[in-house]
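Line by line, the protein sequences are chains A, B, C and D. This note's numbering puts the first residue of the first sequence at 1, with every later residue one more than the last. This note's numbering puts the first residue of the second sequence at 1, with every later residue one more than the last. This note's numbering puts the first residue of the third sequence at 1, with every later residue one more than the last. This note's numbering puts the first residue of the fourth sequence at 1, with every later residue one more than the last.
Accuracy of the hints is not assured; some may be wrong.
Label-pair restraints from in silico Cβ distances [stated by the list, open to error]:
#1 Gly75(B) / Phe80(C): 31 to 41 Å
#2 Gly75(B) / Lys251(D): 44 to 54 Å
#3 Ser67(C) / Pro140(D): 23 to 33 Å
#4 Tyr236(D) / Asp234(A): 14 to 24 Å
#5 Gly204(A) / Arg206(C): 50 to 60 Å
#6 Ala224(C) / Gln139(B): 50 to 60 Å
Pulled from the structure, derived: some chain C residues nowhere near chain D, Cβ distances all over 12 Å [to be verified]:
#7 Ala66
#8 Phe80
#9 Asn130
#10 Asp258
These are computed hints drawn from the structure, not numbers from a lab. Positions of the beta carbon are idealized from the N, C-alpha and C atoms, including for glycine.
If you want the building blocks of each chain, they are given just below.
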Amino acid sequence: MNYRPEELLAVTLAKLIRAVPTAHIAVGAASPIPAAACWLVVKQGDPVRLSLLHKRSGNPFTEGTRELFDLTGQGRIDLFFLGGGEIDGQANLNLIGTGGWPGREVRFPGSFGSAFMYFMAGRTILFREEHSPRVLVKQVANISAPGISEAGVFRRGHAQALVTGRCVFAFHPDRGRFSLASVHPGETVQSIRDMTGFDFDVDGDVPETTPPTDAELALLRSTICDEMLETYPDFCARVFNRKQAA
Amino acid sequence: MNYRPEELLAVTLAKLIRAVPTAHIAVGAASPIPAAACWLVVKQGDPVRLSLLHKRSGNPFTEGTRELFDLTGQGRIDLFFLGGGEIDGQANLNLIGTGGWPGREVRFPGSFGSAFMYFMAGRTILFREEHSPRVLVKQVANISAPGISEAGVFRRGHAQALVTGRCVFAFHPDRGRFSLASVHPGETVQSIRDMTGFDFDVDGDVPETTPPTDAELALLRSTICDEMLETYPDFCARVFNRKQAA
Amino acid sequence: MTPISLEAMAASVPDGALLALPPDNSLPSVALAKALIRRGARNLRLLGVPVSGFATDILIGAGCVASVQTSAVSLGEAGFAPRFTAALKAGKITIQDATCPAIHTMLQASEKGVPFMPLRGLIGSDILANRPDWRVVESPFGTGEKIVLLPALNPDVAAFHGVMADSHGNIYVGRRRECATLAHASKRALVTVERVIEANFLEDERMAPGTINATYISAFAIAARGARPAALLDEYGFDADYVATYARAAKTDAGFADWCAEHVFESQAVAAE
Amino acid sequence: MTPISLEAMAASVPDGALLALPPDNSLPSVALAKALIRRGARNLRLLGVPVSGFATDILIGAGCVASVQTSAVSLGEAGFAPRFTAALKAGKITIQDATCPAIHTMLQASEKGVPFMPLRGLIGSDILANRPDWRVVESPFGTGEKIVLLPALNPDVAAFHGVMADSHGNIYVGRRRECATLAHASKRALVTVERVIEANFLEDERMAPGTINATYISAFAIAARGARPAALLDEYGFDADYVATYARAAKTDAGFADWCAEHVFESQAVAAE
Numbered sequence: 001m002n003y004r005p006e007e008l009l010a011v012t013l014a015k016l017i018r019a020v021p022t023a024h025i026a027v028g029a030a031s032p033i034p035a036a037a038c039w040l041v042v043k044q045g046d047p048v049r050l051s052l053l054h055k056r057s058g059n060p061f062t063e064g065t066r067e068l069f070d071l072t073g074q075g076r077i078d079l080f081f082l083g084g085g086e087i088d089g090q091a092n093l094n095l096i097g098t099g100g101w102p103g104r105e106v107r108f109p110g111s112f113g114s115a116f117m118y119f120m121a122g123r124t125i126l127f128r129e130e131h132s133p134r135v136l137v138k139q140v141a142n143i144s145a146p147g148i149s150e151a152g153v154f155r156r157g158h159a160q161a162l163v164t165g166r167c168v169f170a171f172h173p174d175r176g177r178f179s180l181a182s183v184h185p186g187e188t189v190q191s192i193r194d195m196t197g198f199d200f201d202v203d204g205d206v207p208e209t210t211p212p213t214d215a216e217l218a219l220l221r222s223t224i225c226d227e228m229l230e231t232y233p234d235f236c237a238r239v240f241n242r243k244q245a246a
Numbered sequence: 001m002n003y004r005p006e007e008l009l010a011v012t013l014a015k016l017i018r019a020v021p022t023a024h025i026a027v028g029a030a031s032p033i034p035a036a037a038c039w040l041v042v043k044q045g046d047p048v049r050l051s052l053l054h055k056r057s058g059n060p061f062t063e064g065t066r067e068l069f070d071l072t073g074q075g076r077i078d079l080f081f082l083g084g085g086e087i088d089g090q091a092n093l094n095l096i097g098t099g100g101w102p103g104r105e106v107r108f109p110g111s112f113g114s115a116f117m118y119f120m121a122g123r124t125i126l127f128r129e130e131h132s133p134r135v136l137v138k139q140v141a142n143i144s145a146p147g148i149s150e151a152g153v154f155r156r157g158h159a160q161a162l163v164t165g166r167c168v169f170a171f172h173p174d175r176g177r178f179s180l181a182s183v184h185p186g187e188t189v190q191s192i193r194d195m196t197g198f199d200f201d202v203d204g205d206v207p208e209t210t211p212p213t214d215a216e217l218a219l220l221r222s223t224i225c226d227e228m229l230e231t232y233p234d235f236c237a238r239v240f241n242r243k244q245a246a
Numbered sequence: 001m002t003p004i005s006l007e008a009m010a011a012s013v014p015d016g017a018l019l020a021l022p023p024d025n026s027l028p029s030v031a032l033a034k035a036l037i038r039r040g041a042r043n044l045r046l047l048g049v050p051v052s053g054f055a056t057d058i059l060i061g062a063g064c065v066a067s068v069q070t071s072a073v074s075l076g077e078a079g080f081a082p083r084f085t086a087a088l089k090a091g092k093i094t095i096q097d098a099t100c101p102a103i104h105t106m107l108q109a110s111e112k113g114v115p116f117m118p119l120r121g122l123i124g125s126d127i128l129a130n131r132p133d134w135r136v137v138e139s140p141f142g143t144g145e146k147i148v149l150l151p152a153l154n155p156d157v158a159a160f161h162g163v164m165a166d167s168h169g170n171i172y173v174g175r176r177r178e179c180a181t182l183a184h185a186s187k188r189a190l191v192t193v194e195r196v197i198e199a200n201f202l203e204d205e206r207m208a209p210g211t212i213n214a215t216y217i218s219a220f221a222i223a224a225r226g227a228r229p230a231a232l233l234d235e236y237g238f239d240a241d242y243v244a245t246y247a248r249a250a251k252t253d254a255g256f257a258d259w260c261a262e263h264v265f266e267s268q269a270v271a272a273e
Numbered sequence: 001m002t003p004i005s006l007e008a009m010a011a012s013v014p015d016g017a018l019l020a021l022p023p024d025n026s027l028p029s030v031a032l033a034k035a036l037i038r039r040g041a042r043n044l045r046l047l048g049v050p051v052s053g054f055a056t057d058i059l060i061g062a063g064c065v066a067s068v069q070t071s072a073v074s075l076g077e078a079g080f081a082p083r084f085t086a087a088l089k090a091g092k093i094t095i096q097d098a099t100c101p102a103i104h105t106m107l108q109a110s111e112k113g114v115p116f117m118p119l120r121g122l123i124g125s126d127i128l129a130n131r132p133d134w135r136v137v138e139s140p141f142g143t144g145e146k147i148v149l150l151p152a153l154n155p156d157v158a159a160f161h162g163v164m165a166d167s168h169g170n171i172y173v174g175r176r177r178e179c180a181t182l183a184h185a186s187k188r189a190l191v192t193v194e195r196v197i198e199a200n201f202l203e204d205e206r207m208a209p210g211t212i213n214a215t216y217i218s219a220f221a222i223a224a225r226g227a228r229p230a231a232l233l234d235e236y237g238f239d240a241d242y243v244a245t246y247a248r249a250a251k252t253d254a255g256f257a258d259w260c261a262e263h264v265f266e267s268q269a270v271a272a273e
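Next comes chain A alone, as it looks inside the complex (with noise of 0.2 Å):
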C-alpha cells in the first residue's frame, strides 16, 4: 500500500462529490480530509467553489457567523459534510452526548449547526473515521440532528453516504436505511457487520474501495497541501509530512 488511509478517504469522499453535480461544497475546521477531498475536485477541473469556514485570511463570510447558515437556507449549499459522536442506522446524529439529556454518561462538544444543515443543505456526507459499535450504534442516545424528516417538515436534502475508516455506507432516505457500497482494503462484508452496531443493507457483491491512483496521489501530496498548510498545519504535517515555514 503506498498511500496513507486519510489518502483513500479523501479520494473516497471526492468520488461521492463528483457523483452529484456540485457548484458550492463548505467545510468546517474539523474536518481536514472532507477538505482534502474538495480541494482533490477542484484540482481536478471541477468549477466547484469552496467556503473554508475557519479560514483566518479570506474568510468568505462578510455577514457574520449567520452567513453560512443564510446561505445554506437559501439552497446555495449543494453539500455540506457532518459527523457525530454516534451515528445510528436512520442516519441520526448525536453530538450531544451518551447517556441522558444533555450527555450524563460523556459529553460531547455540542450539535454546532448540524440541527439545521443537515436538513438545508443540498445533500450532506457524513464521515468519521472510527468506525467501531461505539460509534455506529444502532439508536443514538440523542438525536442532534435526525436522519429523516415527517412530512411537512422542509427539507432539502439527507445523508448522500457514511464514509469511515472501514467502507462506504450510502444512504437510502426513502426506506430510512444504510446500504453498504464498498469495504475498504483488508474489511470484509462480514467484518464490517462485525463492527457496526446497526443494521444495514447488503445489495449483491459489494466492491473494494477504489484505491486512490498516482495521479490523485501527486495532486494530494503537492498543490492540495499547499492549500490546506495554513489551515491544517497539523493534519500536512502527519499526513504529507509537511511542516508549514515559520
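Knowing the structure of chain A, use the given hints to seat chains B, C and D on it.
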C-alpha cells in the same frame, strides 16, 4: 417680527423635543425644519444623539437601510417626525393619496416607513407647514399609519403633537383626539377652527406660541446653518440666506 | 469571473421579471435601467428596495413596467415622480403599496431561507388591508399580541451599482449593506461597477466588510458613472440638476420622449458618462 | 465617549447577568473574561454566539457561571473544553443546548424588535424536544409546513473585543458582523479594544462598513491583545500553544487553579499582554 416662520417652527419643535427626556432622534431627508429643531436642542447643550437619515457623508448606518427600522424596533429611537398628505383628528396619516385606494384622485409618493415608525418610535412629532382643510381632514381617505391602535397590538408610542404653520396641537392617545396647545402670532382659536377639517378640543385659554429668543435665532443662523448646509442647501439658502461654497 | 457588456446584461433580464431596484440613495444601476429601455423590456414587475426613485420612473416612462411594489416613489427634492404618477393615473401600471421595513423583512425572510417573518406595526393601516398576501396572527407564545407575518420575497433579478469588482467577481458596496441583503434574497444579482480591480477583496480585512461575495453575483458589467444621477459613496455626488431637468421634462409624454431620446438612446457613451 | 478601565467594566457586569460571548474565531474579549474572574463574578448565565470557547471555559473553571446556553463548547483543535465538561458532570452548571442558526435567529429577532422569528430545521431533533421555550407551528400561509418559532433573545450584556474605537465610541470589528448583531440585540454592549484612534469611522467610507455605531456601545476599555489567545483579524493570530497548554493544565481542578493564578491573577499587565 424679526424672525422667519420657519424659525418660529424650529424653535417650537425644539421646545416639544425638550419637554420629554430624549436620547436619540432620527430625522428624515425631507424635514429641514425638524432637523433645525434637533440641532437647536443639541447646540443648546442637551446630550441628544441625532441620526440624520440621508446625510451623504457620515451616514450613521452601517447595516444598510434596514438599520433605522431595526434600531427603532429595538426601542432605541425616542423621537421621529412624520407628516402626511392628509392628517385627521384621530392622528391618522395618509401618505398614499386621495380618492379610493391606492390614491385614485391624487396619488402621493407613498407611505415610506410610517406604518412601522409611528408604532415603534418612543414618540412622534407630526409636522406639516400647510394648515388647511385640504390637509387637516375629518377622516383621511387612506390610512398609511393609524394614530391609535387596538388592544393586543404592540405600540411603543404615539403622536406627541402636531405642529403646523398656524398652531400647535397636543395629541391625547387615550381619547384619540387633538387639543389646541398654542396658536402662532396672528391666529385665533376661531381662525384655527376655520382652517381645520377635524374637530379638536380647546381646554381653557389657548396661549400664543412663544416666539424665538435672540439667542435661539443667533444659534439657528450660525452654527445650526453650518451643520445643515450639506444636507439642506436649498433650505439654508432660502431661510438663512446662506449659499454653500462651491 | 469576467465582466459582460451592459447590453448583454440587459438582454439577460426577461420580460415580466420581478426586478428589484434600490432607490437613489442606495446605489441604483441607472446604467442598467437605461439599457433595459434600449432593449425594449416589457412588463417588468419592479420592486423598490424599499422605495423607488429615478430608475423606476424612467423605466415606467419608457413603457417597460407592468407593476411596482414599493413603499414610495419619489424624486426626492425634485418632487413627485412624474411618469409613475401619470402611468398610475392612466391605468398603465398597478401599484402594490408596502412600508419600508416590510420590504426589508420580506427580503430578509428569503435571505434566511424561511417562508415568512414577523413585523410589528402595520395593523390598522390600509396598506395591510390591501395586502391579502400578508397575515395577522396572534403570537403563539401566549402573550396575546397580534402581529403581522410577511411572506418571503424572492426577486427574479436584483440590479444595483457597486463601486468595483475584484478579479473573482466580489463586489464592493461599502456600507450599503441593503445591496447585500438584496443579492442574498434574489435568484440572480446583476451588478454594474465603475471598474474592476486586480485583487481579492475577501483577502483584505479593510475591504471585506463592504464586499458582497461573488457567490451571490450572477454577472457584472462595467458602467462608468453607472449610478448617475444618484451618488456613489465618496466617488461622486448626487446630480440634483440632472434630476430637476428630468422632472421638468417628464411632466408630459412628449417631454419624456425627448428626454429619453437624448439621455437614453442618442449615445450609449453619453448615457454612460 | 471615553474609555473606562477594564476593571470598572468588569464591575459593571452584575452577578447573574445573561452575558453573551462570541467564540474564539469571532473576537471574544478574553481580557474582560479574566477581569470578571478577578472581580469574582458569580452566577453568570453565559450565551455562546453561537458557540462557546476559551473564555467560557475559564469563567466556568473560576466558578463564575451558573448556566450556559450554546450550540457547542469546544477549544477547537485543543479538544473538549475541560472545565465545562467537569462542571457539567459535577452538576455545578446547567446547559441549554441550541443550534448555531437558532442563536443567530433569536438575536436577530431582538435586533428587529419582533417577539419571535421562524427557523427551518430542528424538528425531530432532541434539541427542540428539550426547549419548552420554542414553538412548532403550522405555517399560516396554508402550505401545511410545520416550522419552529424561536423567541427573541435579549442578553443583559454583550461582550466582545474590537480592533479599535474612534473618538466617538464607534467600534471597528471588520467583517465580524455577528458582533454588530449581538450589540444590536443586547441591553448593553461592553467592548474592549486594542487602541483608540482620533477619527470618526462613520465619516470614512472604507472604515464604516466594518464599524458598529456607538449608539449600541455602552462602554469600551483599552485592553491590548485583549482577544488573546484568539486571533484578531489581521492584527494577531490564534495562539494554539497557549490554548493547548491551558487544555492540559485545566484537566484537573488543581491544574486550573495554578493556571488561573498565573494567567489571570498574577499580574494584570501579564494577563493583558
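Hint check:
no. : hint                              : verdict
1   : Gly75(B) / Phe80(C): 31 to 41 Å   : 34 Å, holds
2   : Gly75(B) / Lys251(D): 44 to 54 Å  : 45 Å, holds
3   : Ser67(C) / Pro140(D): 23 to 33 Å  : 25 Å, holds
4   : Tyr236(D) / Asp234(A): 14 to 24 Å : 20 Å, holds
5   : Gly204(A) / Arg206(C): 50 to 60 Å : 58 Å, holds
6   : Ala224(C) / Gln139(B): 50 to 60 Å : 51 Å, holds
7   : Ala66                             : 24 Å, holds
8   : Phe80                             : 31 Å, holds
9   : Asn130                            : 18 Å, holds
10  : Asp258                            : 37 Å, holds
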